[in-house]
Each structure stands twice: as structure tokens, then as C-alpha cells.
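Each chain, letter by letter, is given below.
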Amino acid sequence: MTELVEPVGPGAGPLRPRGAGDPGEPAAAPRWCDRCGESVAAGPHEACAAARALEPPRWCAHCRRRMKVQVVPTGWSAVCVEHGEIRG
Amino acid sequence: MPEILDQARTQVLENGVGLDEAGVLAVLNLPDEHLPAALQLAHEVRMRWCGPEVEVEGIVSLKTGGCPEDCHFCSQSGLFTSPVRSVWLDIPALVEAAKQTAATGATEFCIVAAVRGPDARLMKQMREGVAAIRAEVDIQVAASLGMLTQEQVDELVEMGVHRYNHNLETCRSYFPNVVTTHSFEERWETLKMVRESGMEVCCGGILGLGETVEQRAEFAAQLAELDPHEVPLNFLNPRPGTPLADRPVVEGKDALRAIAAFRLAMPRTILRYAGGRELTLGDLGTRDGLLGGINAVIVGNYLTTLGRPATADLQLLDDLKMPVKALSATL
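Sequences listed follow chains A and B, in order.
Going by the UniProt record's numbering, the first sequence opens with residue 1, and the numbers climb by one from there.
Going by the UniProt record's numbering, the second sequence opens with residue 1, and the numbers climb by one from there.
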């Protein structure tokens, strides 16, 4: 499983598969909003960004798969079968 | 001073007798200028009949999503187009969550599953999970697993589950607008069995489901009739993909009126802030509610959404000079 090293949210920077490429190189930018699952190019997703303060991500920002999300009292984890786990 | 608050001062504060449905409705209909007085009275009632301590609880979802029921507010129903996927928490992660909760000073840890009622697999997971928590963590274990059979009630008692949550969610007259896959009476039946078993009854609901103010009063009266040990008060957080996704959130002042009214209906119960308060009340409103009848909080995250950091709530309680209830006080 690929493990990602940065959490993703609307407006967050790109994430990178762990161990992939030089950390100085630009990684692929998220294509999908991790809250609503729609294209990030379709709009600013400001409402999604605001909502994400109180929600974990539900959609993989890179492939739009629905992620398996577990919320616990002090954090959350979200797993995409293709792009691995992110935590917050 | 409105007549209802004069009446409540004598009846509820001095004599400990909760307001009836008509009285609750009168509080819910108070104009804004009388809201501070209602909150102040509710706070006095809470201090008189419950004391200054605040019960702190953490909750965790043992089985998330894929629920066969159609509770219209819930993102975990498998019948809606919610993005929430089904996932199970394993025992080590469950114990770790209990440890994290205990580290906040919480005395309660509630294990929740999105199910109609528990099956054999879930009961096995509960048996193992509760035993592991009781062996490693100094915290009271509560559970919320939907509708139970008598055998399951007995088994939970045997495991050492001391409190069972089963929310009625809304009043009897509005319930069919919110849930169609089971009835208010079926929920009531489980609550009766829980009470008779000796487990503490935890039963509340969600405000903002589309119920009228009259139905909010009806709900408070029905909860008072049940006389639960604890009432968790949620405010709708409209979830994407659910039938209530487009409902507005409850106005802050209406939420505070409801807190005062529910306290005046149930002077001795543990009235707990649960989900949605961050959206409905924000930081200032959260403080107002704690000074208006609330005497318990869920700290940290909820089942599928996130809450304020536990440290923020604990700092607020410290600022308000409200001590966190100690574990020894709950035993």
C-alpha cells in the first residue's frame, strides 16, 4: 500500500506517495475535493474547506475513490486503496 | 419576569419538580430579552440538583456505516448516498481510543455501532473490547448498539457495561418523519429493558430535524417521563447525502432556549452537550450553555465528524470553575 505523507484538504498543498521522487520535486496536485468528491477545477470549494474544519476527508483527492475513514476521539485516519492512508 | 420563570423558580429550583410540556413550551417561546434569565435559572437548577461537576465523556464508533436503518439525519445509513463507508475498529485501536479518552480526565467511554441491533459478530467484538478496556483503562464503559433483545441486555450487564445509550431522537409525533424502518415504540421497549436491567439509561436526541417548537416541548416531556440518567442533546449537523442535508442548522438562541427548557423539565438528569454544538453555538454559545443547564460534555471527536479539541473544552471548564467529575464519584 502506498502511504502518503501529507494530509489533503481543500486548499491544502499536493501530497506525495511516500518514497516517490525527490521531496524537492513538485508532486501531482489534488484533482478532486476530498469533501464533496467533485473536481477542484470546478470551483473554489470554499464551503467544503470550511466544513473540513469539522470533518475528515471522505474522497481521495487524487483518484476520487471513497475512502474508508475511522474517526477516534483524538484524530482520524482515511484509507484509499490506491493511494494509501492519511491521518489527521 | 415572565410568569413561567417565576413558576419554575418555585416548582423546579425549590422543589425539584420538572416543568410539564406546557411549561417547557412556554420557556421555548420566551422572547430573546428573557433568555438570559431562563439560562440563569436553569443554571441555578443544575447547581442545586446536580452540583458543579461536569461529566466528561469520549465516544468512538466500533462499526461505522452500512446501517440498514433510515434515520434521515444519519450519514451512516446504507440507504442514502452518503460518502461514509463501512469500517470496523479493531480491539487494539478501541483500547487506544479508551486510553486517549481517559487521558483527558473523562470518566465515560461510549462504544457505538451503526446497526439496527447487534448481531453475534458485534456482541463478540464488544465482549472482547470491553474486557480489554476494563483490564487496561480506568474508565467507565457505556455502549450504544441500537435495539436489544433481553439476552443482549443481560450480556451487556455481564460484560460490565454500566450505561446504555439509545436515543429517541425526537418526539413520538414527529418520529415517523425521521425514521421509517422502526418505530418510536420499539426504541422505548429497549429503553425499558435497559432500565430494568440496572444499567443506567442514556437517552436524548437531535434538535433541528424539522420538528415544531411544540414538538420540541413534547420531546422534552417524553424524555422526562422516561426519566433517563443522562440526556445527550444534539443539534443537527446536516450531512451530505442524507435526506436532511439541506436543513438549516438550529439558531444559537433557539438552542440555548432548548437547553434551559430541557434542564427545567429534568432538574436532576445529566444534560450533555453532544454533536452539532460547534456549528450551532460556537465557542461563545458553548460557554452560555454550560452556564445555562448543561453539566456534561462529549470531548474530542464524534463518530463521523470532528469536535473541538478536548483541551479547549477542559480549559473552558477550568475558566468557569466547573470541576470535572472524578471517576470515584461515578462509582
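Just so you know, these hints were derived from the structure itself, not from any lab.
Every value quoted in this text rests on a predicted model; they were computed, and no experiment measured them.
Just so you know, not all the hints are guaranteed correct.
[Unchecked claim] Only pairs whose alpha carbons sit at most 25 Å apart, straight line, appear in this in silico SDA-like list of lysine to any residue:
1. Lys68(A) / Thr81(B)
2. Lys68(A) / Met159(B)
3. Lys99(B) / Met159(B)
Evaluated hints:
1. Lys68(A) / Thr81(B): Holds, at roughly 15 Å.
2. Lys68(A) / Met159(B): violated, 29 Å
3. Lys99(B) / Met159(B): Satisfied, since the Cα-Cα distance of roughly 19 Å is no more than 25 Å.
Hint violations for this structure: number 2 only, all remaining hints satisfied.
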